[in-house]
Amino acid sequence: MTDEEYAITQESAYEAANARLPALQPPLRQLFDEHAPLRQEMDAIFELAHDIEHLPLRQATARLAELVERVEHFDAKLHRHSSKEEDLLFPMMARYIGRDSGPIAVMEYEHDQAKRCLSLFLQRGTDGSQLAEPTTIAEMGRLAADAVTILMEHFCKEEHALFPMANTMLSREELDWLEKEFERIDSQGGHRA
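Numbering (the UniProt record's numbering), first residue to last: 1 to 193.
The set of hints was computed from the structure by calculation and includes no laboratory data.
Incorrect hints may have been included.
Each pair of labels, with its calculated beta carbon distance range [what the hints assert, rightly or not]: (1) GLN40 / SER187: 37 to 43 angstroms; (2) GLU69 / GLU139: 14 to 20 angstroms; (3) TYR96 / THR135: 44 to 50 angstroms; (4) ALA23 / ARG142: 20 to 26 angstroms.
Lysine-lysine pairs mimicking DSS-like chemistry, simulated, CA-CA at most 25 angstroms apart [unchecked claim]: (5) LYS115 / LYS157; (6) LYS180 / LYS77; (7) LYS77 / LYS157; (8) LYS77 / LYS115.
Glycine included, each C-beta is placed from N, C-alpha and C at the ideal position.
Construct the entire structure; sequences and hints are all you get.
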């Protein structure tokens, strides 16, 4: 099977799994739809991160520079997306199902884990003094790959459990409010007023 055939098979399996999901209300559909471009970026990050460990030092250093740039770009987009969940959706849902255990606690924990990996990666990326050391390069590759792995699993949980749960749990007024807040965040470049 060629890489292209494999990608088509993977995309088809993903689409098939998502085809069984209930129709989501607009703010939840927006969060769901934001996953696709983030997933594409995560695929590229994961590939770069994985390749780094197996390249000669000179090539690995060049690829690491590309990886740092990609992760910085991705982190900004992820922050906008995750702030909608952390600041708006999760607290709203927590009123019904609590926050200390259960789905919201898991979602927040996974956000924290992914952010920790990305933060450590970016800290090491800005400290250029050790970026030519094989152990630092390998560690950074693992941090980026770990963040992607956490987020891929996290997105699946949101898409197949959390968003459908919110879809049935939240009132029309709550969903309308979320939609307006998401629009405001997007119009302000990702910052909530």
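Of the numbered hints stated earlier in the document, which are not met by this structure? 1, 4
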